[in-house]
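Chemist: Here is what each chain is made of, one letter per residue.
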Amino acid sequence: AQSVTQLGSHVSVSEGALVLLRCNYSSSVPPYLFWYVQYPNQGLQLLLKYTSAATLVKGINGFEAEFKKSETSFHLTKPSAHMSDAAEYFCAVTLNQAGTALIFGKGTTLSVSS
Amino acid sequence: SQTIHQWPATLVQPVGSPLSLECTVEGTSNPNLYWYRQAAGRGLQLLFYSIGIDQISSEVPQNLSASRPQDRQFILSSKKLLLSDSGFYLCAWGSGRGANVLTFGAGSRLTVL
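As given, the protein sequences belong to chains A and B, one line each in that order. Residue numbering for the first sequence follows this note's numbering, starting at 69 and increasing by one per position. Residue numbering for the second sequence follows this note's numbering, starting at 1413 and increasing by one per position.
Honestly, I wouldn't trust all of these hints.
Now the in silico label distances, taken between C-beta atoms and shown as ranges [as the list claims (entries may be wrong)]: (1) A/ILE128 / B/GLU1438: 44 to 54 Å; (2) B/THR1440 / A/ASN109: 39 to 49 Å; (3) B/SER1429 / A/THR140: 14 to 24 Å; (4) A/ASN109 / B/SER1429: 15 to 25 Å; (5) B/THR1440 / A/LEU86: 17 to 27 Å; (6) B/LYS1491 / A/SER138: 44 to 54 Å; (7) A/LYS137 / B/THR1440: 44 to 54 Å; (8) A/LYS136 / B/PRO1426: 23 to 33 Å; (9) A/ALA69 / B/SER1489: 48 to 58 Å; (10) A/ALA69 / B/GLU1434: 46 to 56 Å; (11) B/LYS1491 / A/LYS137: 26 to 36 Å.
Just so you know, these hints were derived from the structure itself, not from any lab. Yeah, the Cβ is synthetic: ideal placement off N, Cα and C, and Gly gets one too.
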């Protein structure tokens, strides 16, 4: 079965600093990988997705992630943090098989200080 | 365009009372539908998913049940709520094809007292 592990439940950065949120996956077959963001008391919004095309994926709000098969990683980065990036971020994995559900990591809360 | 509606947005219920959370999707047909629960510090837990009417898979044994009476309607229920049922419940839909990107509803916050 597939799974994801997000390293670090809380990450704090200063405004303008690099954002790095870590995600490692486990899957017996090539996976599809996703990053979602959740603002307080809201649903989840898709940031970006990896579907076996380019390994460097660009998403909304200046975020990007790189799929590294050798490291089984899909870390999320943003060169310069903004106050509005403060939220909870979830990494998720699924397979290209009918009926396969999306499995989420436990989430990482990003705090941005001025 | 497709939209997903989830209600009620917030709910406070006593222990032992019943529960019904409803989710509907517009603008698509035969979607895959999902119920997730988010408890503090525990991420998102998949509760149920459905690939068609009356086709529902349960991921974890619990005090909850799900039904799909119509193609684009997904209902989460309980006959008797427990304190541990408190949490943020999220409904989502996906096409079930390709990358199966999920689109989420705004969520329902349940507090059981």
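Chemist: All hints, please: hold or fail.
Modeler: Here is what the structure says about each hint:
One distance hint, 44 to 54 Å for the beta-carbon pair A/ILE128 and B/GLU1438, is violated here, with the actual separation near 23 Å. Separation of B/THR1440 from A/ASN109 is about 26 Å and departs from the stated range, judged on CB atoms against 39 to 49 Å. Between B/SER1429 and A/THR140 the C-beta distance comes to about 45 Å, which lies outside the given range of 14 to 24 Å. A hinted range of 15 to 25 Å holds for the C-beta pair A/ASN109 and B/SER1429, which are about 23 Å apart.
The supplied range of 17 to 27 Å is broken by B/THR1440 and A/LEU86, whose beta-carbon atoms lie about 38 Å from each other. The hinted range of 44 to 54 Å is satisfied by B/LYS1491 and A/SER138, whose Cβ atoms lie roughly 50 Å apart. A beta carbon spacing of about 33 Å between A/LYS137 and B/THR1440 contradicts the range 44 to 54 Å that was offered as a hint. Checked against the hint of 23 to 33 Å, the C-beta distance between A/LYS136 and B/PRO1426 comes to roughly 50 Å, which is inconsistent with it.
The hinted window of 48 to 58 Å between A/ALA69 and B/SER1489 is violated, with their beta carbons roughly 27 Å apart. Evaluation of the 46 to 56 Å hint for A/ALA69 and B/GLU1434 yields a failure: the beta carbon distance comes to about 30 Å. Look at B/LYS1491 against A/LYS137: about 46 Å separates their beta carbons, and that is not inside 26 to 36 Å.
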